[in-house]
Amino acid sequence: MSKVLMKGNEAVGAAAIKAGCRFFFGYPITPQNEIPEYMSRELPKVGGVFVQAESEIAAINMVYGAAGCGARVMTSSSSPGIALKQEGISYIAGAELPCLIVNMMRGGPGLGGIQPSQTDYFQATRGGGNGDYRLLVLAPANIQEMVDLIIEGFDLADEYRNPVMILGDGMIGQMMEPVEFKERKKRDLPEKDWITTGTKGKRKPNIINSLYLNPEELEDHNIWLQEKYKKMKEKEVRVESYNVEDSDVVISAYGTTARIARTAISKLEKEGYKVGLIRPISLFPYPFEEFNKIKDDCKGVLTVEMNTGQMLDDVRIALNGRIPSYFYGRTGGMVPTPEAIANKVREILGGEK
Amino acid sequence: MLNDKRIRIISGHYGSGKTEFSINYAIKLAEMKKNVAIVDLDVVNLYFRSREKEDFLKEKGIRVIGSSIRAASLDVPSISSQASITFHDESLETIIDLGGNPEGARALARYNEYLREGYYDMFFVLNANRPETRSLDDVMKFIVKIQDVVRGKFTGIVNNTHMLKATSVDDILKGYDLAKKASDLTGIPIKYNAGLESVLNKIQSKLEGEMFPINLYMREEWMV
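Residue numbers (the working numbering), protein chains in the order written: chain A, 65 to 417; chain B, 832 to 1055.
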């Protein structure tokens, strides 16, 4: 298929269907409504099922049910809606069910606003629900990358039997860009021998559950989950870097903000500044090691986010005090401009080139 | 442009580039005429609406009529009562920026009593790079459905086939072919071929309709 022009949210739906997703359960919220709109129109054409649930809580529990039956299933929402889904997400992680969850973040806290934000970084990477669990969190910076990560994300969910979250923001959901749906290699995925599709009297029933009556068993379950997360940390780190090794300032930003930072870097380069970029694509597992490539006499690492400093914590863990850390953020639905980011870099360097 | 009717309604498929065309049209018109207004009737989209550019358009002497409530994050389909001024003030040169698809066009149906034939122009903005409007069948569906909802007739087609900043001559020509087929089938003339000036300048062949160079006012510098 040749390139087409799509809105981010439409591309989410198209990518999911391309990945074999045939079940979508959701509840409307701006700025991601084009996802359920697209799925309601397109899923029936491929024999799939779309349900607009009575609430976010119902929707995420429908995801739990479908995933337990072995279906490729997705839900999507935006910040306050994802907050409502946290109980179900924790249950899904506990019961080790594969699914894809899309969050097109908007301004918060509370109902906040409908303009773009990145204020759910903590919620996505620290576990918004209860318990020691992790989501595999992927943060695309453009629509093509989002499509590719969604298609891969369904496979990752199956491979790890873990929920995968695509963390976007209202901007990437609402903007249009050229996109191409490439044929992909089929991955070898483990057989789903744990699903509840009827025993036909031939085997013991499979049970899908996150409740453990024995603390010993629950501890073992947690140890197993941690082993899984460790494997993700070893195998699933994704990062894009630009001139990290010999820059005087390195910007760290993800998603939409990373693109704005990239434009700021181009401006600064024209003025003779040496500025690099670390763009985490996987937010969990986080690309901590990438920061070790920054030279010791780098003047600072500037984290840029559409929030008041959340990924900043991970950047500081990565730097471990080795290099000064700075932050620039806009919030409430305000989007940073390339010029404002460039100004912050100029400030860090004190005009020194 | 000066031959267009006083009221120009800009409609089409969702994401075809109606708002960008509307804004460019309004700015060009304001260079030639006084008393230009842009009426933002988009109640289906919440980002990238013409009202976001209100201050910029005001500087150019263009009146912007959008929602009665001033809030960028407004998630309510509210339209200013001022939107109907254009049907009463015969001196107001108006561009009506409709929301996409038949759903978005519905906002205009409320003004149907004013939509007498010959009194307005209604342009169908076509982007052949959008997945839902790549074939003649699909384009025809949108033309017919929007006309039904609005209870009015399109008077022109705007070939606005693009890939944002990466638009090529081939994109515009591909869109032109599709627009021509739709035009031949419906009798609706191609009024404009819109595109970045640098790309339009490279087109050698003679196309039906005016060449309409546009600037991407709605695209931030960091966007592709």
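Each hint should be verified, as a subset may be incorrect.
[Stated by the list, open to error] Straight-line C-alpha distance at most 20 Å; calculated EDC-like pairs for lysine to aspartate or glutamate:
1. A:Lys67 / B:Asp1008
2. A:Lys109 / B:Glu963
3. B:Lys996 / A:Glu101
4. A:Lys331 / B:Glu1039
5. B:Lys976 / A:Glu106
6. A:Lys408 / B:Glu1041
7. A:Lys331 / B:Glu963
8. B:Lys976 / A:Glu101
9. B:Lys996 / A:Glu209
[As the list claims (entries may be wrong)] Residues from chain A that keep clear of chain B, each with C-beta distances beyond 12 Å, as calculated:
10. Lys67
11. Leu69
12. Glu74
13. Glu98
14. Arg105
15. Tyr224
16. Arg248
17. Lys249
18. Lys331
19. Glu403
Think of the hints as simulated: they come from the structure by calculation, not from any bench. Don't be surprised by glycine CBs; every beta carbon is placed ideally from N, CA and C.
Hint by hint, here is what the structure shows:
The hinted pair formed by A:Lys67 and B:Asp1008 meets the criterion: a straight-line CA distance of about 18 Å does not exceed 20 Å. Note on A:Lys109 and B:Glu963: the hinted pairing holds, with a Cα-Cα distance of about 15 Å set against a maximum of 20 Å. At roughly 27 Å between alpha-carbon atoms, B:Lys996 and A:Glu101 are farther apart than 20 Å, so this suggested pair is violated. Of the supplied pair hints, the one linking A:Lys331 and B:Glu1039 is violated, its CA atoms being roughly 41 Å apart against a limit of 20 Å.
Simply put, B:Lys976 and A:Glu106 have alpha-carbon atoms about 19 Å apart, close enough for the 20 Å limit, and the pair holds. Of the pairs offered as hints, the one joining A:Lys408 and B:Glu1041 is violated, with about 46 Å between alpha carbons and a cut-off of 20 Å exceeded. A distance of roughly 37 Å separates the Cα atoms of A:Lys331 and B:Glu963; the hinted pair therefore is violated under the 20 Å criterion. Simply put, B:Lys976 and A:Glu101 have alpha-carbon atoms about 18 Å apart, close enough for the 20 Å limit, and the pair holds.
A threshold of 20 Å between alpha carbons decides the hint, and for B:Lys996 with A:Glu209 the separation of about 18 Å falls inside it, so the pair holds. The Cβ of A:Lys67 does not lie farther than 12 Å from every Cβ of chain B; its closest approach is about 7 Å, which violates its non-interface assignment. Not every CB of chain B is more than 12 Å from the CB of A:Leu69 (nearest about 4 Å), against its label as outside the interface. At roughly 8 Å, the least C-beta separation between A:Glu74 and chain B is not larger than 12 Å, which violates its mark as non-interface.
A beta-carbon of chain B is positioned within 12 Å of the beta-carbon of A:Glu98; the least distance is around 9 Å. Distance check for A:Arg105 against chain B: the nearest CB is about 10 Å away, which does not clear 12 Å, and the non-interface claim fails. Annotated as non-interface, A:Tyr224 keeps its C-beta farther than 12 Å from every C-beta of chain B; the closest such distance is 32 Å. With a closest Cβ-Cβ approach of about 19 Å to chain B, A:Arg248 is found to remain outside the 12 Å limit, as its non-interface label requires.
Non-interface call for A:Lys249 relative to chain B: holds, since the shortest CB-CB distance, roughly 24 Å, exceeds 12 Å. Interface exclusion of A:Lys331 from chain B breaks down, the closest Cβ pair being 9 Å apart, not more than 12 Å. A:Glu403, annotated as away from the interface, has a beta carbon of chain B within 12 Å; the closest lies near 9 Å.
Against the hints set out earlier in the document, violations occur for numbers 3, 4, 6, 7, 10, 11, 12, 13, 14, 18 and 19.
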